[in-house]
Amino acid sequence: MADQTLNAEGLNCPLPIIKAKKALKGMEAGQVLEIRSTDPGSIADFAAFCSQTGNELLSSNTEGNIYLFEIKKS
Amino acid sequence: MADGDFGNAKSMSIIVTKGSLDWAYPPFILGTTAAAMDLDVTMFFTFYGLPLLNKKLDLKMTTLGNPAMKMPMGGMHVAMPNIIAALPGVDRGATTMMKNLFKKKGVASIEELRDAAVESDVRMIACQMTLDLFEMDRKDMIDGIELGGAATYIDVATKSDINLFI
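Chains A and B, in that order, are what the protein sequence lines are.
Our numbering numbers the first residue of the first sequence as 5 and each following residue consecutively.
Our numbering numbers the first residue of the second sequence as 133 and each following residue consecutively.
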């Protein structure tokens, strides 16, 4: 269960990443941020974001036109 | 990596040389994204990129001399012949159309991206020489920027992992 949810639907690159970073900033280490995006590019981008920042990408799923991510703050 | 922790963080610098609506995007997209990925980012604004630091932005674009620019229109992609693009009002129309397209596709405005850059402590340097050359006023520019020259940039570039010229 996520501690916080970010609705990034309708937003295009790089807004989902920037808004996710902003949300993570206000969270505690170990907490989980769920992100809902409609940007197909966010699949590759959240993986890259996590590999670079050290935050853990717990899941990356597609439900229809929605891309769902769970990121655990490091 | 903690915020404001200069030391182990990777770093990127961008020389920003273009100030049209379309060309303002790549540096601000890359700068804000790199900052979100914990890089220390420096943007050096010079020549036509310098007005991007003005408080009031009024960015325009032209289709003139850009055969690769094909706007989606009525299910087709249309390029503007130069002889049409040179007519009065066409640039204004193209600018409005592009801004509407950005909004429709959920692309941030340049103002939004620049605010994000300021918020994420991107270091922004205004080229002093350009300021003098075009008789621009520091007072018209946003807060939190620095003034510097080529040596300032080179110093940053030698310490950066990534250096881009846009």
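No lab work stands behind these hints, which were simulated from the structure alone.
A portion of the hints provided could be inaccurate.
What the hints assert, rightly or not - DSBU-like, lysine-lysine: derived pairs with alpha carbons at most 30 angstroms apart:
1) B:Lys187 - A:Lys29
2) A:Lys76 - B:Lys202
3) A:Lys23 - A:Lys77
4) A:Lys26 - B:Lys237
5) B:Lys187 - A:Lys76
6) B:Lys291 - B:Lys231
7) B:Lys291 - A:Lys23
8) A:Lys26 - B:Lys202
9) A:Lys77 - B:Lys202
10) B:Lys142 - A:Lys76
11) B:Lys291 - A:Lys77
12) A:Lys23 - B:Lys235
13) A:Lys29 - B:Lys202
14) B:Lys188 - B:Lys235
15) B:Lys236 - B:Lys192
16) B:Lys202 - B:Lys142
17) B:Lys188 - A:Lys76
18) A:Lys23 - B:Lys150
19) B:Lys235 - A:Lys29
20) B:Lys237 - B:Lys291
21) B:Lys235 - A:Lys26
22) B:Lys188 - A:Lys77
23) B:Lys235 - B:Lys291
24) B:Lys236 - B:Lys142
25) A:Lys29 - B:Lys192
26) A:Lys76 - B:Lys237
27) B:Lys188 - B:Lys202
28) B:Lys150 - A:Lys76
29) A:Lys23 - B:Lys236
30) B:Lys142 - A:Lys26
31) B:Lys237 - A:Lys29
32) A:Lys26 - B:Lys231
33) B:Lys187 - A:Lys77
34) B:Lys192 - A:Lys23
35) B:Lys202 - B:Lys192
36) B:Lys187 - A:Lys23
37) A:Lys29 - B:Lys142
38) B:Lys236 - A:Lys26
39) B:Lys291 - A:Lys29
Hint-by-hint comparison with the structure:
no.	hint	result
1	B:Lys187 - A:Lys29	27 angstroms, holds
2	A:Lys76 - B:Lys202	41 angstroms, violated
3	A:Lys23 - A:Lys77	14 angstroms, holds
4	A:Lys26 - B:Lys237	22 angstroms, holds
5	B:Lys187 - A:Lys76	37 angstroms, violated
6	B:Lys291 - B:Lys231	36 angstroms, violated
7	B:Lys291 - A:Lys23	28 angstroms, holds
8	A:Lys26 - B:Lys202	34 angstroms, violated
9	A:Lys77 - B:Lys202	41 angstroms, violated
10	B:Lys142 - A:Lys76	22 angstroms, holds
11	B:Lys291 - A:Lys77	28 angstroms, holds
12	A:Lys23 - B:Lys235	17 angstroms, holds
13	A:Lys29 - B:Lys202	39 angstroms, violated
14	B:Lys188 - B:Lys235	19 angstroms, holds
15	B:Lys236 - B:Lys192	18 angstroms, holds
16	B:Lys202 - B:Lys142	37 angstroms, violated
17	B:Lys188 - A:Lys76	39 angstroms, violated
18	A:Lys23 - B:Lys150	26 angstroms, holds
19	B:Lys235 - A:Lys29	27 angstroms, holds
20	B:Lys237 - B:Lys291	37 angstroms, violated
21	B:Lys235 - A:Lys26	21 angstroms, holds
22	B:Lys188 - A:Lys77	37 angstroms, violated
23	B:Lys235 - B:Lys291	37 angstroms, violated
24	B:Lys236 - B:Lys142	34 angstroms, violated
25	A:Lys29 - B:Lys192	34 angstroms, violated
26	A:Lys76 - B:Lys237	29 angstroms, holds
27	B:Lys188 - B:Lys202	29 angstroms, holds
28	B:Lys150 - A:Lys76	38 angstroms, violated
29	A:Lys23 - B:Lys236	19 angstroms, holds
30	B:Lys142 - A:Lys26	19 angstroms, holds
31	B:Lys237 - A:Lys29	26 angstroms, holds
32	A:Lys26 - B:Lys231	25 angstroms, holds
33	B:Lys187 - A:Lys77	35 angstroms, violated
34	B:Lys192 - A:Lys23	27 angstroms, holds
35	B:Lys202 - B:Lys192	17 angstroms, holds
36	B:Lys187 - A:Lys23	23 angstroms, holds
37	A:Lys29 - B:Lys142	18 angstroms, holds
38	B:Lys236 - A:Lys26	23 angstroms, holds
39	B:Lys291 - A:Lys29	26 angstroms, holds
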